[in-house]
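Since chain A is already given, all that's left is putting chain B on it; use the hints.
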Amino acid sequence: MADFFLQALAQVSSPTVLLLIVIGVLFGIVGGSIPGFTVTMAILVVFPFTFAMDPVSGVSLMVGVFVGGYSGGIVSGVMLGIPGTPSSITTVYDGYPMAQQGQPGRALGIGVAASFLGTLISVAVLVFFGPLIASFSMNFRPWEITALIVFALTLVAGLSNGALLKGLLAAALGLLITTVGYDRNSNLRFDFGLPALGSGFEILPVMIGVFAFSQLMGNIEKLRDEKHSSKGVDTNVSIPYARILRDMAGQKLNTVRSSLIGSLVGALPGTGGTVANFVSYDQAKKFSRHPERFGTGTPDGIVASEASNSAVAGGAFVPTLALGIPGDLPMAIMMGVLILHGITPGPLMFEQNPVLVGAIYASLLIGAVIMVLCQLMLVRWFAKISLIPQQILVPVVLMLCAIGSYALNNNLFDIWVLFAFGILGYLLWKADVPLTPLILGVVLGNNLERQLFRALELDSSWLTFLTRPLSALFLALAVASLIFSLYQNRRIQRHQRQAQDLAKPSKEPPHAA
Amino acid sequence: MLTLTKDRALALAMLVLAGILLVETGNIPPPTSWQPYGSALFPRILLVVIAVLATLLLIRSLLAGAPQRTTPRLAFGEWLALNRTVLALFALFGLYALLLPLIGYLAATLGFLVASLALLLGVDSRRKWTINLAVSFTLAPLVYAIFRFGLKVWLP
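Residue numbers (full-length UniProt numbering), protein chains in the order written: chain A, 1 to 513; chain B, 1 to 156.
So here's chain A without its partners, still in its complex pose:
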């Protein structure tokens, strides 16, 4: 592996690829720092620009966006008190109060340093565990892969905002979308008389349509409902380097713990940066000698939040690269990039494309260094950019989505696919349906069908799924995840009912008792 890593490092260190990583990191930070834009949107917008690139260049650019995006959320969180991306919600708890106390530079500096260290630790986790899991999963046969995909989908659906039924519906709908067009036996399914549907839907316009339209239109609705003003925000920030070094020296344990939590949570399907953020913030508070300082502008809170959400980047690559199962939305899109470049993520990737795996490791490392340099040098500019209003951003992103979908195959039909799935995504979002399971279903659908039928062709008995130990284990885990989600749903509903009861006015006047 070391040889391949050196080969990959040589490729990634070429001036063109380095420039692409710089561009990716810059765009990622900008995307992460604009409230409502999110890391996922940044990745979706950059995705089409990788079409004409070789795999190493395309993947390096995307990894740059990834690393930058997860660290970018801190800018608007500290400056405006609004998390730029959902994975930096807890950064606001302490970053904003610290900025309000006249120390925005200190808050940003601590966040950037924690992000950097979090990314490095997660790369170490990826380097160590990725090949281990991949070599273990080399023994997986179609039964195990089918059961694993089912487990991943139920886990993601179950963890979606406590809406288990809707999450499962979304996942099934995502899988159904992949059945349009010719199948493995060259039989045409669901073309609705449109010859263009013969080859099925392209993943990219479907993903962009479902996610981007719901997100952007949702942002427009928020603008209608709440008037937020960014006037009077002072973007003239300077970083007190000596102070940051002193702050970070006292945060060694917190940084390592939060980074490991971030890497672990990132590696679990269905979780991601937001969960990592809350778990590590909670743990940092529990382990702290001064838990009462949390939420008032303590460095501990910023470190816990930023180290964990940046560590998600490396952790999330573990199941994607090793098993071919993306754990969250950004990783599903990353998997789309790899598939587009003719590479199928999974255990074989480590054997067939070791240089590309090494390139991902190297890009993560180089991206982390570039991220810290860019953030520290250009923080004032990022602070200014985070103030770009949604009214300008939304039309520009919609235009980029359209052109990106078209550029995939130079096919205007893909813009209509984007539009149709945009309407579907918006309607589902309005009905409170979680969209991540749908997108994962779209990404995993073809593989699920292929593996399921390979298993059935090898052995026509469905019972084999239960008699093979590993496949039975994954199916049992799928059932367990559904039962856990049901239990969680009931708890959430009970809390909601209790809250409603408390809010109801008492029938008796209070003095009657």
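If you are wondering where the hints come from, they were derived from the structure by calculation, not from laboratory data. Be aware that one or more of the hints could be misleading.
[Unchecked claim] Below, computed lysine-lysine pairings styled on DSSO-like, alpha-carbon distance capped at 30 Å:
#: 1; chain 1: A; residue 1: Lys-222; chain 2: B; residue 2: Lys-128
#: 2; chain 1: A; residue 1: Lys-252; chain 2: A; residue 2: Lys-285
#: 3; chain 1: B; residue 1: Lys-6; chain 2: A; residue 2: Lys-222
#: 4; chain 1: A; residue 1: Lys-252; chain 2: A; residue 2: Lys-286
#: 5; chain 1: B; residue 1: Lys-128; chain 2: A; residue 2: Lys-384
#: 6; chain 1: B; residue 1: Lys-152; chain 2: A; residue 2: Lys-430
#: 7; chain 1: A; residue 1: Lys-430; chain 2: A; residue 2: Lys-252
#: 8; chain 1: A; residue 1: Lys-222; chain 2: A; residue 2: Lys-384
Relative to chain A, chain B alone:
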């Protein structure tokens, strides 16, 4: 009379979709002699799963009853007025997709950007128009140049 809540509407829409597509699977060719399972099996499994989940969602929403409204029900005109920006943006995007092959990338994109920025930013001051035109006339050609000369991708 039963109120059509979000969950009920979703469940009914999914049931209708599953019903129509289940009928459609009848048009998929049956398996040949060497295939144990045909091409229709996988979509049929998914459609049954969707139908079962939608039925469960419908039953759950009926058992829970309609939630108490905290806001008054909007008349269609009021709803339209409240959502006019989002609806107009969807319409502009549809028009953009329609015009792209007819008038080409540059004209269609400029038209879409100017119109949608005017919709969202407003048209009531010279400053807003300056921002609108500056963003549109910078970005449309810039994206064209990146795709055409940088990535060698032809835009319509």
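| request: Go through the numbered hints given earlier and state which of them the structure violates, listing their numbers in rising order. | output: Numbers 6 and 7 - these are the hints that the structure violates, sorted from lowest upward.
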